[in-house]
Each structure stands twice: as structure tokens, then as C-alpha cells.
Amino acid sequence: MRISRTAPWAAGLAAAALFLIPASATAGQHRTTADTAQAAPQAYPVTVDAYYAAAAGKTGAALKTALHDIIKTQSKVSYDGVWNALKVTDQDPANPNNVILVYSGRSQSKSTNGGGANDWNREHVWAKSHGDFGTATGPGTDLHHLRPEDVTVNSTRGNKDFDKGGSPVAEAPGSFTDADSFEPRDAVKGDVARMLLYMAVRYDGGDGFADLEMNDRVNNGSAPLFGRISLLKQWNQMDPPDAFEQRRNQVIYDTYQHNRNPFVDHPEWVNSIW
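So the sequence shown is numbered by my numbering: it starts at 41 and just counts up by one.
Just so you know, these hints were derived from the structure itself, not from any lab.
In this text, a Cβ means the ideal position worked out from N, Cα and C, and glycines have one as well.
Honestly, I wouldn't trust all of these hints.
As the list claims (entries may be wrong) - Distance condition first, Cα-Cα at most 20 Å in a straight line; then the derived PhoX-like pairs of lysine-lysine:
no., residue 1, residue 2
1, Lys127, Lys98
2, Lys98, Lys200
3, Lys116, Lys98
4, Lys168, Lys112
5, Lys127, Lys112
6, Lys200, Lys168
7, Lys200, Lys116
8, Lys98, Lys204
Said to hold, decoys possible - Pair by pair, the computed Cβ-Cβ distance ranges are:
no., residue 1, residue 2, range
9, Gly156, Lys112, 20 to 28 Å
10, Thr175, Ala227, 41 to 49 Å
11, Ser262, Ala101, 40 to 48 Å
12, Asn137, Ser195, 38 to 46 Å
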């Protein structure tokens with residue numbers, strides 16, 4: 041059963057969730073794909089409120105723990121399976137043959153994924169070296185923080201933390217970088233924040249992976265830390281979830297992982313936890 045909104049403020053998400061949902065996400069069915077590593081772990085709740093019922097009324101550490109317990113129940117996608125999944129989750133609403141590159145904002149043919157200079161590849165928004173999880177099934181393949189990006193721009197971003205300033209990034213208008221940080225274009229600043237915060241809630245030291253956490257620094261290197269949290273909180277407020285991000289969250293829930301990014305559904309929870 042497709043998740044649906046009941047609260048008035050969520051009408052926009054309900055509309056976005058119905059826009060361009062793949063045929064495989066048919067109401068009344070459990071959605072599994074050849075790319076998932078296991079079957080869907082649970083029946084789908086009817087409403088977003090029902091999905092987050094265990095978190096109702098909580099704040100701070102208690103809210104973070106409750107959300108972790110909710111979203112840790114998920115199906116997993118293989119790293120090879122990520123290629124095809126991104127062609128669905130990040131499909132260009134104006135051209136079903138293309139995906140939108142996260143930092144570049146460019147619409148590019150789905151078929152041009154690969155390793156060439158002008159191809160797109162799989163960008164780990166939470167850089168995989170921050171916690172040393174590589175491309176292991178789990179954080180290394182979690183669609184909630186994997187996005188298509190130009191190979192060259194992906195390399196420029198590297199494993200840098202997020203901060204403001206630097207020099208313009210070629211092929212990513214509105215993005216900037218310096219020796220130790222990367223600033224994405226304004227239209228996805230909130231998306232970046234919410235992806236990182238999802239990771240910090242989902243991966244808490246269980247599943248055989250590091251405990252991913254936020255801090256207010258750059259140059260975190262291989263530590264399982266990402267910054268800067270003070271700036272990411274600002275980005276979450278200045279760039280609230282749009283229809284593209286909301287649809288993406290819904291597709292991941294319906295078709296692939298069967299879990300949600302709580303900060304796309306409830307961006308106000310960012311300040312409640314951090």
C-alpha cells in the first residue's frame with residue numbers, strides 16, 4: 041500500500057509522491073527488485089504518521105534513537121544495483137531518458153553512466169572514507185545518500201566536508217570548493233544536509249559499520265564524522281524539501297529500500313535533534 045499524507049501541511053508531498061512513480065511501485069503490492077539483497081522486511085504503513093508513530097512527541101537524543109529504530113529496517117541494494125536505481129530515483133521530470141546530476145544540476149542521458157570524463161557516476165554524499173565503509177552493502181550502497189554526478193565534479197568534491205566558499209567548480213555552476221571543503225549549488229544545499237543527517241541517524245555503530253556522527257569541523261578525513269553541522273542546519277532551513285526530493289524519498293521507500301529519510305518528511309526534526 042502506498043504511503044499517504046493526512047496532515048494538511050503535507051499535501052505537497054502527497055502530490056509529489058504520485059508524480060512519476062515507477063510502474064513497479066504499484067499500490068497493494070510489496071515492491072521488490074532484482075537489485076535488492078533481501079525481501080521487503082515489513083508491510084507498508086498507510087500514512088507517514090503511522091510510519092513515524094514510535095517517534096511521536098520525542099525530542100533530542102530520544103527522537104534520534106526512535107528514528108534510528110524505525111529506519112534501520114530496510115532492504116539493501118547491491119553496489120551494481122545502484123546504477124539502475126539512480127536512473128529511477130533521480131530521473132529528470134522533464135525527460136524520462138535523463139537523470140539530474142546533483143551538484144551540476146545538468147540533465148544527462150541515463151545511458152552515459154560510467155567512468156569517462158563526461159560520464160556520470162555514483163556520488164557518495166557522505167564520503168565513503170568518512171568511516172571507511174567503502175562500497176559495502178549498507179552505508180556504501182544506501183540510496184538515501186547516493187546521487188548521480190559528473191565524474192570530474194565527483195572527483196573535485198572527493199571526500200571533502202561541506203562548508204562555504206572557495207573557487208567555482210567547473211561543470212557545477214553555483215558550486216565552490218577549496219582545499220578542505222565543498223559548497224553545493226543553492227538548489228540542493230538542503231538536500232545535502234538532509235542526506236548527511238539521515239546517515240548520522242541510520243548508522244549508529246550497529247550492522248558492523250562505524251557510528252556515523254556530525255560535528256562542526258572540516259578536515260574530518262577517515263573519521264566517521266561530517267561537518268559542518270551548524271551550516272547544514274542553516275541549509276536545511278533555507279532550502280526545504282522540493283517535489284524532486286520528496287518524490288525521490290517516496291521511490292526509495294516504495295521500490296528499493298522500503299525505509300524513508302525522516303528529514304525529508306519532517307525537516308523540523310533537524311533542530312529537534314541537533
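How the hints compare with the structure:
1. Lys127 / Lys98: Violated: Lys127 and Lys98 sit about 36 Å apart, past 20 Å.
2. Lys98 / Lys200: Violated: Lys98 and Lys200 sit about 33 Å apart, past 20 Å.
3. Lys116 / Lys98: Cα-Cα ~28 Å, so violated.
4. Lys168 / Lys112: The given pair, whose Cα atoms are some 19 Å apart, holds under the 20 Å limit.
5. Lys127 / Lys112: The given pair, whose Cα atoms are some 24 Å apart, is violated under the 20 Å limit.
6. Lys200 / Lys168: Satisfied, since the Cα-Cα distance of roughly 11 Å is no more than 20 Å.
7. Lys200 / Lys116: violated, 26 Å
8. Lys98 / Lys204: violated, 32 Å
9. Gly156 / Lys112: 20 to 28 Å: Once the Cβ atoms are compared, 36 Å apart, the range 20 to 28 Å for Lys112 and Gly156 is violated.
10. Thr175 / Ala227: 41 to 49 Å: Since Thr175 and Ala227 have Cβ atoms about 27 Å apart, the given range 41 to 49 Å is violated.
11. Ser262 / Ala101: 40 to 48 Å: violated, 26 Å
12. Asn137 / Ser195: 38 to 46 Å: 25 Å Cβ-Cβ, so the 38 to 46 Å window is violated.
Checked against the numbered hints above, the structure breaks hints 1, 2, 3, 5, 7, 8, 9, 10, 11, 12 and satisfies the rest.
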